[in-house]
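**Q** Keeping their order, the protein sequence lines are chains H and V. For the first sequence, my numbering gives the first residue as 8, with consecutive numbering after it. For the second sequence, my numbering gives the first residue as 8, with consecutive numbering after it.
Calculated directly from the structure, the hints in this document are not laboratory data. Check before you lean on any hint, since a few could be wrong.
[Stated by the list, open to error] Straight-line Cα separation of at most 25 Å, PhoX-like style, residue types lysine-lysine; simulated pairs: (1) H:Lys314 to V:Lys257; (2) H:Lys50 to H:Lys103; (3) V:Lys21 to H:Lys257; (4) V:Lys14 to H:Lys50; (5) V:Lys190 to H:Lys275; (6) H:Lys103 to H:Lys314; (7) H:Lys52 to V:Lys21; (8) V:Lys14 to H:Lys190.
Each chain, written out:
There are 2 protein chains.
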Amino acid sequence: MKLASLKNDSRDGKLVVVTTDLSRCRAVPEIARTLQTALDNWKAKAPLLAQAARELNSNANMGEPYREENAHSPLPRAFQWADGSAYVNHVELVRKARKAEMPASFWTDPLMYQGGSDNFLAPHDPIAIADEAYGIDMEGEIAVIIDDVPMGADLDQAAASVRLIMIANDVSLRGLIPAELGKGFGFFHAKPSSAFSPVAVTPDELGPNWQDSKLTLPLLVDYNGSPFGKANAGIDMTFNFAELIRHAAKTRPLCAGTIIGSGTVSNKLEEGPGKAISEGGAGYACIAEIRMIETIETGAPITPFMKFGDTVRIEMLDAAGNSIFGAIQQTVEKYAPSKTN
Amino acid sequence: MKLASLKNDSRDGKLVVVTTDLSRCRAVPEIARTLQTALDNWKAKAPLLAQAARELNSNANMGEPYREENAHSPLPRAFQWADGSAYVNHVELVRKARKAEMPASFWTDPLMYQGGSDNFLAPHDPIAIADEAYGIDMEGEIAVIIDDVPMGADLDQAAASVRLIMIANDVSLRGLIPAELGKGFGFFHAKPSSAFSPVAVTPDELGPNWQDSKLTLPLLVDYNGSPFGKANAGIDMTFNFAELIRHAAKTRPLCAGTIIGSGTVSNKLEEGPGKAISEGGAGYACIAEIRMIETIETGAPITPFMKFGDTVRIEMLDAAGNSIFGAIQQTVEKYAPSKTN
Numbered sequence: 008m009k010l011a012s013l014k015n016d017s018r019d020g021k022l023v024v025v026t027t028d029l030s031r032c033r034a035v036p037e038i039a040r041t042l043q044t045a046l047d048n049w050k051a052k053a054p055l056l057a058q059a060a061r062e063l064n065s066n067a068n069m070g071e072p073y074r075e076e077n078a079h080s081p082l083p084r085a086f087q088w089a090d091g092s093a094y095v096n097h098v099e100l101v102r103k104a105r106k107a108e109m110p111a112s113f114w115t116d117p118l119m120y121q122g123g124s125d126n127f128l129a130p131h132d133p134i135a136i137a138d139e140a141y142g143i144d145m146e147g148e149i150a151v152i153i154d155d156v157p158m159g160a161d162l163d164q165a166a167a168s169v170r171l172i173m174i175a176n177d178v179s180l181r182g183l184i185p186a187e188l189g190k191g192f193g194f195f196h197a198k199p200s201s202a203f204s205p206v207a208v209t210p211d212e213l214g215p216n217w218q219d220s221k222l223t224l225p226l227l228v229d230y231n232g233s234p235f236g237k238a239n240a241g242i243d244m245t246f247n248f249a250e251l252i253r254h255a256a257k258t259r260p261l262c263a264g265t266i267i268g269s270g271t272v273s274n275k276l277e278e279g280p281g282k283a284i285s286e287g288g289a290g291y292a293c294i295a296e297i298r299m300i301e302t303i304e305t306g307a308p309i310t311p312f313m314k315f316g317d318t319v320r321i322e323m324l325d326a327a328g329n330s331i332f333g334a335i336q337q338t339v340e341k342y343a344p345s346k347t348n
Numbered sequence: 008m009k010l011a012s013l014k015n016d017s018r019d020g021k022l023v024v025v026t027t028d029l030s031r032c033r034a035v036p037e038i039a040r041t042l043q044t045a046l047d048n049w050k051a052k053a054p055l056l057a058q059a060a061r062e063l064n065s066n067a068n069m070g071e072p073y074r075e076e077n078a079h080s081p082l083p084r085a086f087q088w089a090d091g092s093a094y095v096n097h098v099e100l101v102r103k104a105r106k107a108e109m110p111a112s113f114w115t116d117p118l119m120y121q122g123g124s125d126n127f128l129a130p131h132d133p134i135a136i137a138d139e140a141y142g143i144d145m146e147g148e149i150a151v152i153i154d155d156v157p158m159g160a161d162l163d164q165a166a167a168s169v170r171l172i173m174i175a176n177d178v179s180l181r182g183l184i185p186a187e188l189g190k191g192f193g194f195f196h197a198k199p200s201s202a203f204s205p206v207a208v209t210p211d212e213l214g215p216n217w218q219d220s221k222l223t224l225p226l227l228v229d230y231n232g233s234p235f236g237k238a239n240a241g242i243d244m245t246f247n248f249a250e251l252i253r254h255a256a257k258t259r260p261l262c263a264g265t266i267i268g269s270g271t272v273s274n275k276l277e278e279g280p281g282k283a284i285s286e287g288g289a290g291y292a293c294i295a296e297i298r299m300i301e302t303i304e305t306g307a308p309i310t311p312f313m314k315f316g317d318t319v320r321i322e323m324l325d326a327a328g329n330s331i332f333g334a335i336q337q338t339v340e341k342y343a344p345s346k347t348n
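All chains should be built: construct the whole structure from the sequences, respecting the hints.
**A** Encoded structure:
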């Protein structure tokens, strides 16, 4: 089934089931008013939601038109957002770009940071940033929403805990990262609010494209209307979601509704560090990577980070060319602080 | 007023108002069933909760006995836990203990890490850890729960956003910190679930002891039944809560219910790096600090980190000797993973 949270006057939005073709939706207050409420009691709620989705899909007169502009992130706020860096190729390139060595252990021990989860952007919301000099970048990712996971969970428990799958834009402020890394306490300013796809889907919606805790389809990233990335999320994923979840649960339990991210999708492919789509490559899911390639090829980065007015669109299509999750589509704009709470 | 969340069969507990003397409490489902619900609409809910608290305090026949063993953390799970290191003395000592230099900027630019907030321990819950070799430590802290704060908030907005104050035990696994710092993505395994005091109080409950966004009373830390720390939370706090909140809100808004922590309370005092209570000093709010002092004095740490069976108690008393927040009292025990979800 496919689920979304429409914007309303509440902080958590209104849970709706959405048709597979993303054309219609239906609120299900008799089952759950919000997605977190459903996740809090997934065992009981999931069969009811699945039934509602089947009814909606089979009856063209049911529900109302689904408009993704009205969608918030499926969880407008969450109790946890823990983002891995499973495409180690990306990590290696970004490190090279800031002239930092990558320890060999990064290939065997997952990197993961604790992200802010209290205020996600809606998938079509602008990315409001105070200063272009922060080095505004997108990061196209896969993310999963999980059920309760006990501390010390093994790989089987971790794999079985995946309830919903989304795509994500983990907005990053590259210019603020080196100073925060130097402080040793992880990212804080460098990771403003992230955005998730309008729709979250259960693993069965992905059929054979969800296998071994990986999503084996290209993540399409368009930048200012042109194809920028189409890396396959199932390729070069050094740690699958089961491994990321097990890592997150090593010293503490994880609450239902926790979101685990893959990190920027990145394909190394045979040709080396990656090539632009225009050159026959899989392109990039963030600007930092192309800047690294440019540095390798010309001695300096050429592509600037995002400026006010720049737009990113992130989407994933099924084998028939239909959008699975709907699209994240966001334009960067200048943030002007308000002086009232 | 004083608020608590009693354990029940829900994930967020049952909100109760508690008498000032912590003797009685009363559920207020007609106002809000959970603390997060109240925080989501604080402007409307706070006056109603305050009225309920006044009624409870003035009528000895109202409510039921309050037993802090039944209390969960005031927010059993939260949308954000961002922990500062405002007592820079502590940071300097801990860094010295692991033979790392502290950059001078730490005195002017707050350190803050994004903590896990999806599963807090109840204040009397055991601290269940799989392995003593992780270097189990307590960290006695002050924490505030804030209202919505816009991105780019100034100090006045930040100071005015404080809704409730608690004390905290930010459990830390010292043995896992160096490796995580080396990875550069911040703490994850090294910071298992934190615990907060049974009761959260509004700033007015603290009278003159809440001033300039600081709590000016000693934080009492007992270890295995003996006084271990009594550092005054208002002394040597390099960054007050307004500064910590402004820091947290630099590149993103903060959602109501966000918890901001002070970091380990630590007094440098005149005598240098701190002295044990038995030697007339203010003692320590974590074991890492006394180990550092021991290293300075004898060449090696003497006090071991916490072992299974060790108990920490953290409390704060008002001028009349009454407990303000109730006590955090936790015993370390061995965690045995379950193999079912």
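**Q** It remains to establish, for every hint, whether it holds in the given structure.
**A** Now for the hints, and whether the structure bears them out:
1. H:Lys314 to V:Lys257: holds, 19 Å
2. H:Lys50 to H:Lys103: violated, 45 Å
3. V:Lys21 to H:Lys257: violated, 29 Å
4. V:Lys14 to H:Lys50: holds, 22 Å
5. V:Lys190 to H:Lys275: holds, 22 Å
6. H:Lys103 to H:Lys314: The hint holds at about 23 Å.
7. H:Lys52 to V:Lys21: holds, 22 Å
8. V:Lys14 to H:Lys190: violated, 38 Å
Hints 2, 3, 8 from the earlier list are contradicted by this structure; the remaining hints agree with it.
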